[in-house]
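Chemist: Below, each chain spelled out in residue letters.
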Amino acid sequence: MDHIDGEEGNFEVSVIQHPRYVDMDKCIACGLCAEKCPKKVPDKYDEGLVKRKAIYVQYAQAVPLKYAIDPEQCIYLTKGKCRACEKFCPAGAINFKDTAKKVTVNVGAVIVAPGGETYDPGDNDTFEYKKFPNIVTSIEFERMLSASGPFGGHLIRPSDKVEPKKIAWIQCVGSRDENHCGNGYCSSVCCTYAVKEAMLAKEHCADDLDAAIFYIDIRTNGKDFEQYYNRAKDEFGIRFIKSKVISAPEVKESGKHLISYVGDSGKRINEEFDLVVLSVGLQPKKESVTLAQKVGIDLNKYGYAVTHSFDPVSTSKPGVYVCGAFQAPKDIPSSVIDASAAAGMAANKLSSARWSMTKTKEVPIELDVRSQSPRIGVFVCCCGTNIAGVVDVPAVVEFAKTLPGVVFAEQNMFSCSQDTQDKIAQTIKEQRLNRAVVAACTPKTHESLFQETLTSAGINKYLFEMANIRNQCSWVHKDAPELATRKAKDMVKMAVAKARLLEPLSEPTFAVKHAALVIGGGVTGMEAARDLADQGFHCYLIEKTDTLGGQARHLFHTWQGEDIQQYVGGLIETVSNNENIDIFFNADITAAEGFVGNFKTTIHQDIAPDSPAIILEHGVTIIASGAAEYAPDQYLYGKDSRVVTGLELQQRLVDNDSGLAGLKSAVFIQCVGSRIPERPYCSKLCCTQSITSALELKTRNPEMDVFVLYRDMRPYGLREEIYRKARAAGVVFIRFNFEKELIVETDDAGRLCVTFSDCVLSRRMRINPDLLVLATAIVPEKENPLAQKYKISQSADGFFMEAHVKLRPVDCATDGVFICGLAHAPKPIDESITQAHAAAARAATILAMEKIKGEGIVSHIDPRLCSGCLGCINVCPYGAISFDSEKKVAEINPALCKGCGACAAACPSEAPILMGFTNHQLYAQINSALF
Amino acid sequence: MQTEEFTPKIIAFMCNWCAYGAADLAGVSRMQYPSNIRPVRVMCSATVSPHHILRAFQSGADGVLVGG
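These protein sequences, in sequence, are chains D and C. The numbers in the first sequence follow the working numbering, run straight up by one, and end at 1808. The numbers in the second sequence follow the working numbering, run straight up by one, and end at 102.
Since the hints were derived computationally from the structure, they do not count as laboratory data. Worth double-checking, as some hints may not be accurate.
If you want the footprint, here are the derived chain C segments under chain D, 3+ residues with CB under 8 Å [unchecked claim]:
#1 43-54
#2 57-67
#3 83-94
Remember, it's a predicted structure, so these values are computed and weren't measured experimentally. We put the beta carbon where it would ideally sit given N, CA and C, even for glycine.
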């Protein structure tokens, strides 16, 4: 980005597009250029462990898969001689005359998502990283483990290529360290990735690998991460050693490194490791700081974008939003949630412009070819030399002409080029083809392109089949051209056999009810409802109690000092007065049916005797049903009024309880009901909440002795700041031994008495506090009836499960149902709000459509063959099949079917047919695969 | 006695979303493997029934691979 002008609703942004020197339309990613390029440079993607060429793709899965020239390394661009790539490129894609282009765009909102980078231990030569090859960063180690990495996925150490027997991970390198590197925050991701790397390393090594992780606190507070940590300890035998390692010198040129630490027993232990991995933290990039200055947004002292807990993806400049690791160090799921939230915030402001710049594509009327016998055209691609260099393409064309149903066959230099596309469309019309087979690359990247060609020629796009004779033939059998040609012929024969049986398919459309049901009137539900209402969609907000606000009504301040009561009050007022939001208090959901775009939910309001049931029709469902605070049955809770939960203390702070300031001492106990066998997860928010409360008590009465008894302190990310502040203010943090009993009782004088074992001193300690605060777990409703009603699943802990942890973190596996807030996992208020924005943004993608277009490749059950055994219903992962109890047959809802075909395989009488992959079509392919 | 080297005929059913994509990536990475395998793309390995596997053997396959 070069320059930005204007304000919210009307920005003018100029962007410089640097030259690529490769024409993206022509490049076929064959790789010949890189093969011929004489210039080798260290490959940044592989952390410099191997070399790439000056013309390259960043990594094998790069999208788009197109080459680019590195102008700083290219011999021609730096010295004026070479042009080998240009000479050998079969597609004529090299363009050395390419220049930088300036593009100006007019936009209403800007989203800043530059990401972050890892700390470079070379900066200060931490652990003499630059000197020793067997001291590697965690990112280098990731590449070393990767099958596509520098060592082909074999775990060997860099110095001598021998498999290591002992590996140490050192945590917090470039994190939680104000002095050495200035990154005073916790990087949030390193604990979990170190656990992952250690587990993967164990799986990679044939011999028993000894893996040890040296840590300050293990902070596995993401959803299900604690269980993962437990597996690493208990099942994989990974050693976790609490020790801040300061050096790892080499042992007499052996390539091994010595780590010296104080063990649990208090004795110094010296251990030698074959390989040392530095778990490097995250930090903002220097370029991002420059970018932020150009955009005009505020950054904090570390260079992260400043945001507010109640508006967590908005920057200091109106109309500019931020997401991902530039807001704070965070992992992939959080970054993806941020991304949807930022998009949603932009959409809230821009909803009036929706659909104003879209164009509708004109398509010719589809010809009905069902009564015609197959007239198949086969187009065999040379792909320059990529296919033709190995496979005898003319022979494949001649062979294709002999196959039954084929009336036309030809070869093309590049089937995917625009002129060939036009030619194929022309041929379809001239030859009156009603099916087409393209033998070229993979349908995964090119099927849709050729299907469009069919559509433009008036042929149903499902009357098309590809033979993958490049990726799965010429590229992988390049030393056996005869065998490759034989295989290519068979693949064409199989494709033609299937094409003969293809039938036109239709893509059903469904109308969308333009209303949302939001379940839960807490902060999360209210924020989601407000977003959708702001975008002009009607919302039904269901609350089971008689008040809005949920748990947040008891919360005092955020760790950043923002007043939660003031915020919640304002939000309740906005939501209550919004005419797009209908609020139903004291409401229970008694029944739900339907599918994406068309849900029907029955609610019952407990407001008067014989209140009638209300039926609500809605296109999407957002679940923000929250969770409760665990009510402990230990530590004298409920028996002694001096023992309270974390939330109860927050309420007393809200109420400005004058008794608090008079207390002489307070003790917090962490992980009450969390991280135990019965409830193995970490409740995530309690560490920061206890620190904030402890600090508040200390502020109200600086003379008060405040102790926090913990197992691991987990104020992740920028929250590390308040942990440091609390320690500076004199709050005493004591790590207690969880294996030894922690006892709470009253002594003869009636004083509270907390007895525990201190980990550092290895001895029993006793404190007599005036107030005991239990940081209790966040508990979801197990066997929540919503799960069955909306066909969504709960984890063993009772939290609702997302469709994909990283890719679809707020979607449920059932289309049209979204989750956010505590119902998804324990999280603090800012993350609940972000998730609410994200869920609303995802829901709006459905509500914004007039109609939803279904897939053509879905299953259909032939009722004549169905015996009503219910076998298919049991295997369908999408709940798309129901049983018609009158006709006694199973029926598929095409709106829910994803076309996996599991029903077709499970049925003993072959009643379900997966359209486009029918048994007849598959049998035809199998029969012609004979070779 | 003369023996010919045995080259098994293998039919591979591959899930569009994983195994088929992996086979494509093997091509992008130019990994080389014997050519005596014929791929059949399916939308999910769950769609492959015992019928398909038996049909492959009936048709003369020596081996069947289901990748998913």
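Chemist: Are there three or more residues in the stretch 43-54 of chain C whose C-beta lies within less than 8 Å of some C-beta in chain D?
Modeler: Since 4 is at least three, the answer is holds.
Chemist: Quick check: do three or more residues in the stretch 83-94 of chain C have a beta carbon closer than 8 Å to a beta carbon of chain D?
Modeler: With 7 residues closer than 8 Å to chain D, the stretch 83-94 of chain C meets the three-residue bar; holds.
Chemist: With a Cβ-Cβ cutoff of 8 Å, does the stretch 57-67 of chain C contain at least three residues near chain D?
Modeler: holds (count 11)
When the structure is compared with the earlier hints, no violation turns up for any of them.
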